[in-house]
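Enquirer: Residue numbers for the sequence shown, in mature numbering (1 follows the signal peptide of the UniProt record, and there is no 0): -23 to -1, 1 to 405.
If you are wondering where the hints come from, they were derived from the structure by calculation, not from laboratory data. Fair warning: there could be bad hints in the mix.
Said to hold, decoys possible - 25 Å max Cα-Cα, derived SDA-like pairs, lysine to any residue:
1) 177 <-> 212
2) 369 <-> 396
3) 374 <-> 356
4) 127 <-> 193
5) 369 <-> 51
6) 55 <-> 355
Bear in mind the structure is a predicted one, so any value in this text is a computation, not a measurement.
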Amino acid sequence: MNNKTLKGALALAVSLASTPLFAGGFALNEQSISSMGTGYAGRSSSADDASTVFGNPAGMSRLKQNEVSIGATYLDAKTNIKGASSTQGGADNPGTNKGDMVPGIAVPMGYLVTPIDEHWAFGLGIYAPFGLVTDYEHSFQGNAFGNKSKVQVITVQPTVSYAFNDKVSVGFGPTFNKINGELDSKVPAFGLGTEAVKIKGDDTATGFNAGILVQALDSTRVGVTYHSQVVYHLSGHTNASGVLSDLLDGGSQRYDAKLNVTTPSSVDFSVTHQLTDDWTLYVGSTYTRWSQLKKITVNNTGVSDITSELAGLDSITEQQHWHDTWSHAIGAAYRVNKQLVLRTGFSVDQTPTNNTDRSVRIPTGDRTVFSLGAGWTPVDNLTFDVAYSYLKEEPIKVRQTQPALGLTYDAKYENSANGFGGSVTYRF
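Kindly generate the complete structure, drawing on both the sequences and the hints.
Expert: This is the structure we're talking about:
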């Protein structure tokens, strides 16, 4: 294989590793432990603690003391991969399909709310609205389509709320967001071995959250929250190492990379109803505009110079064909006594992807979630919240092809996860 052909093969390897980038919704729900206990039903209408900064900033008007709330959720995911098959160059491609590709991760959160006067309140939130991690074993049968994917978004949200009266309040807060991403693949190099391609980048961008809270009846509150879309222009590098890079120049190849990603807007609507002195009921729905993520484009500076025969691989675009989604939840809380509250909830959540565009990077399907929780207030100014959730996804299929390399990967995924959350709220 001559030098020009080697360079062309390397360009193709970089192209394949660049797409697909995200194959399923990567929004996180874990921004409030008290809401987690009710399956996130009532998230925009409950305003139980300082986490309302995220759930509905208008809810800060209901908090009459300074509050600090800090917590985290630990997510433990399991995957069973069945019936996997793969080809390379028209022949069977060996490999493993252990399914243990999502490491346990912790999702932190922290909030502060300070009432200013009878109308105004100030809040600050730090949380993770989006994120994903998949990290397959080195011998994974489909690692040409994605070996490791990691995306983290951290948001800081200063917020104000204004209460017009004891019935209606509004809230608004800009969001300052930081995104980091990493995408790894191990691409076969035309029978010579493999080429490892790693793409890393980061960016900061702004958005906003806004909400309204209405005490419609003495026993019923209605809340609506809007989370804006955020447009990122990630800058970073693409690194290629392996047999092709060694044959070319005896070392790894490095290119400047740019990636445009949009995280979607969403609207959350919920109702909180005080049924009795002890029982509280919650219901809510969230509409997420995943169709705003129309395409993902990676620009690798210098790849187009590798060979004129493969011109155009410096700019790789993947059409997502995602659709907007709904999630729905119901929940209840029972106050055992002044110190203890028990919670439960059930929710259903659509996936924005389909069988055609789904990838090994995030092989998700429609999900159902069952939740339990409790709040313990041993003294008036201190509350401990805990929650547990069990998530089960419908079985889904992944079918991916790369005709240029004769690559295919087909498998059935069955996913589930356990979530364990805890937080402490201090009032002063």
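Enquirer: Now, for every hint given, state plainly whether the structure supports it.
Expert: Now the hints, each set against the structure:
Taken as a hint, the residue 177 and residue 212 pair is honoured in the structure, with Cα atoms around 8 Å apart against an allowance of 25 Å. Between residue 369 and residue 396, the direct Cα distance comes to roughly 12 Å. Compliance with the 25 Å bound is thereby established for this hinted pair. In summary, the hint linking residue 374 to residue 356 is not supported, as the alpha carbons are separated by about 51 Å, beyond the 25 Å threshold. At most 25 Å may separate the alpha-carbon atoms for a hinted pair to count; residue 127 and residue 193 exceed this at roughly 43 Å.
Distance hint between residue 369 and residue 51 is fulfilled; the C-alpha atoms sit about 16 Å from each other, no more than 25 Å. At roughly 36 Å between alpha-carbon atoms, residue 55 and residue 355 are farther apart than 25 Å, so this suggested pair is violated.
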